[in-house]
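A.B. asks: Work the whole structure out from these sequences, hints included.
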Amino acid sequence: ILNVEQSPQSLHVQEGDSTNFTCSFPSSNFYALHWYRWETAKSPEALFVMTLNGDEKKKGRISATLNTKEGYSYLYIKGSQPEDSATYLCAFTNQAGTALIFGKGTTLSVSS
Amino acid sequence: DVKVTQSSRYLVKRTGEKVFLECVQDMDHENMFWYRQDPGLGLRLIYFSYDVKMKEKGDIPEGYSVSREKKERFSLILESASTNQTSMYLCASKGRAGALEQYFGPGTRLTVT
Numbered sequence: 001i002l003n004v005e006q007s008p009q010s011l012h013v014q015e016g017d018s019t020n021f022t023c024s025f026p027s028s029n030f031y032a033l034h035w036y037r038w039e040t041a042k043s044p045e046a047l048f049v050m051t052l053n054g055d056e057k058k059k060g061r062i063s064a065t066l067n068t069k070e071g072y073s074y075l076y077i078k079g080s081q082p083e084d085s086a087t088y089l090c091a092f093t094n095q096a097g098t099a100l101i102f103g104k105g106t107t108l109s110v111s112s
Numbered sequence: 001d002v003k004v005t006q007s008s009r010y011l012v013k014r015t016g017e018k019v020f021l022e023c024v025q026d027m028d029h030e031n032m033f034w035y036r037q038d039p040g041l042g043l044r045l046i047y048f049s050y051d052v053k054m055k056e057k058g059d060i061p062e063g064y065s066v067s068r069e070k071k072e073r074f075s076l077i078l079e080s081a082s083t084n085q086t087s088m089y090l091c092a093s094k095g096r097a098g099a100l101e102q103y104f105g106p107g108t109r110l111t112v113t
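Chains as they are written, first to last, in my numbering: chain A, 1 to 112; chain B, 1 to 113.
These aren't lab readings, by the way, just hints derived from the structure by calculation. One thing to keep in mind: the hints can contain errors.
Here are some chain B residues pointing at chain A (derived, C-beta under 7 Å) [stated by the list, open to error]: (1) N31; (2) D38; (3) P39; (4) L43; (5) Y64; (6) G98; (7) A99; (8) L100; (9) F104.
In silico BS3-like pairs for lysine-lysine, Cα to Cα no more than 30 Å straight-line [unchecked claim]: (10) K3(B) / K58(A); (11) K13(B) / K59(A); (12) K57(B) / K42(A); (13) K18(B) / K42(A); (14) K55(B) / K70(B); (15) K55(B) / K42(A); (16) K57(A) / K78(A); (17) K71(B) / K57(B); (18) K57(B) / K18(B); (19) K104(A) / K57(A); (20) K42(A) / K13(B); (21) K104(A) / K42(A); (22) K104(A) / K78(A); (23) K57(B) / K104(A); (24) K3(B) / K104(A); (25) K70(B) / K53(B); (26) K70(B) / K42(A); (27) K3(B) / K57(B); (28) K3(B) / K55(B); (29) K18(B) / K3(B); (30) K13(B) / K55(B); (31) K104(A) / K13(B); (32) K71(B) / K53(B); (33) K13(B) / K57(B); (34) K57(A) / K3(B); (35) K42(A) / K78(A); (36) K42(A) / K57(A); (37) K3(B) / K70(B); (38) K57(B) / K59(A); (39) K58(A) / K70(B); (40) K18(B) / K78(A).
Idealized CB from N, CA, C, for every residue including glycine.
C.D. replies: Structure representation (structure tokens):
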């Protein structure tokens, strides 16, 4: 059974705080790791897709790292803003599959 | 811009009704997916299709069927809706093998009473 674990389940921070979330996934037969942001009443939006061990990606104040050998990825948000409030989903694909296997998500709430 | 649309944002149906959820994508994608999202469980794959008339079961196919008669359209069918199928349903699409990113629709919140 392929399992993707995300922690924490939820997080509440103040505007301006920096924060990070963890995603752990099976390290064997790795193909790609995805991060999505899902805001209420909107479609999940792709943030990053990473395929190589050691990959680091950045989009504005958000960045992500990937360690395929130990099976984890971190998502960092620098200087959180209220508009960052969303559920952040991590998803994994292995070499056999085309479908994504999702974690349960981390719900971030940023107060002003 | 890739666009994935779903026929309804909110739907209320009665137990035993046959329910159709429609999904259309405009990017000529080969792969299409149906997920459901429940609190505390995350997104779970119901069915996917890698080509017209082709389908594969996902993790939770029981109680559902799908139809892919045209490349752009992927329908999820609840043959006889039950209350435990009350959920948020998300459709997604992806290009041919090797393409990485899945694009999601806005979701249909289905309530079965």
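A.B. asks: Could you run down the list of hints and mark each one as holding or not?
C.D. replies: Verification of the supplied hints:
no., hint, result
1, N31, "holds (6 Å)"
2, D38, "violated (10 Å)"
3, P39, "violated (9 Å)"
4, L43, "holds (4 Å)"
5, Y64, "violated (15 Å)"
6, G98, "violated (10 Å)"
7, A99, "violated (9 Å)"
8, L100, "holds (5 Å)"
9, F104, "holds (4 Å)"
10, K3(B) / K58(A), "holds (24 Å)"
11, K13(B) / K59(A), "violated (41 Å)"
12, K57(B) / K42(A), "holds (26 Å)"
13, K18(B) / K42(A), "holds (27 Å)"
14, K55(B) / K70(B), "holds (13 Å)"
15, K55(B) / K42(A), "holds (27 Å)"
16, K57(A) / K78(A), "holds (14 Å)"
17, K71(B) / K57(B), "holds (18 Å)"
18, K57(B) / K18(B), "holds (20 Å)"
19, K104(A) / K57(A), "holds (22 Å)"
20, K42(A) / K13(B), "holds (23 Å)"
21, K104(A) / K42(A), "holds (17 Å)"
22, K104(A) / K78(A), "holds (23 Å)"
23, K57(B) / K104(A), "holds (21 Å)"
24, K3(B) / K104(A), "holds (25 Å)"
25, K70(B) / K53(B), "holds (8 Å)"
26, K70(B) / K42(A), "holds (26 Å)"
27, K3(B) / K57(B), "holds (24 Å)"
28, K3(B) / K55(B), "holds (22 Å)"
29, K18(B) / K3(B), "holds (27 Å)"
30, K13(B) / K55(B), "holds (25 Å)"
31, K104(A) / K13(B), "holds (27 Å)"
32, K71(B) / K53(B), "holds (9 Å)"
33, K13(B) / K57(B), "holds (24 Å)"
34, K57(A) / K3(B), "holds (24 Å)"
35, K42(A) / K78(A), "holds (23 Å)"
36, K42(A) / K57(A), "holds (23 Å)"
37, K3(B) / K70(B), "holds (16 Å)"
38, K57(B) / K59(A), "violated (35 Å)"
39, K58(A) / K70(B), "violated (37 Å)"
40, K18(B) / K78(A), "violated (47 Å)"
Checked against the numbered hints given earlier, the structure breaks hints 2, 3, 5, 6, 7, 11, 38, 39, 40 and satisfies all the rest.
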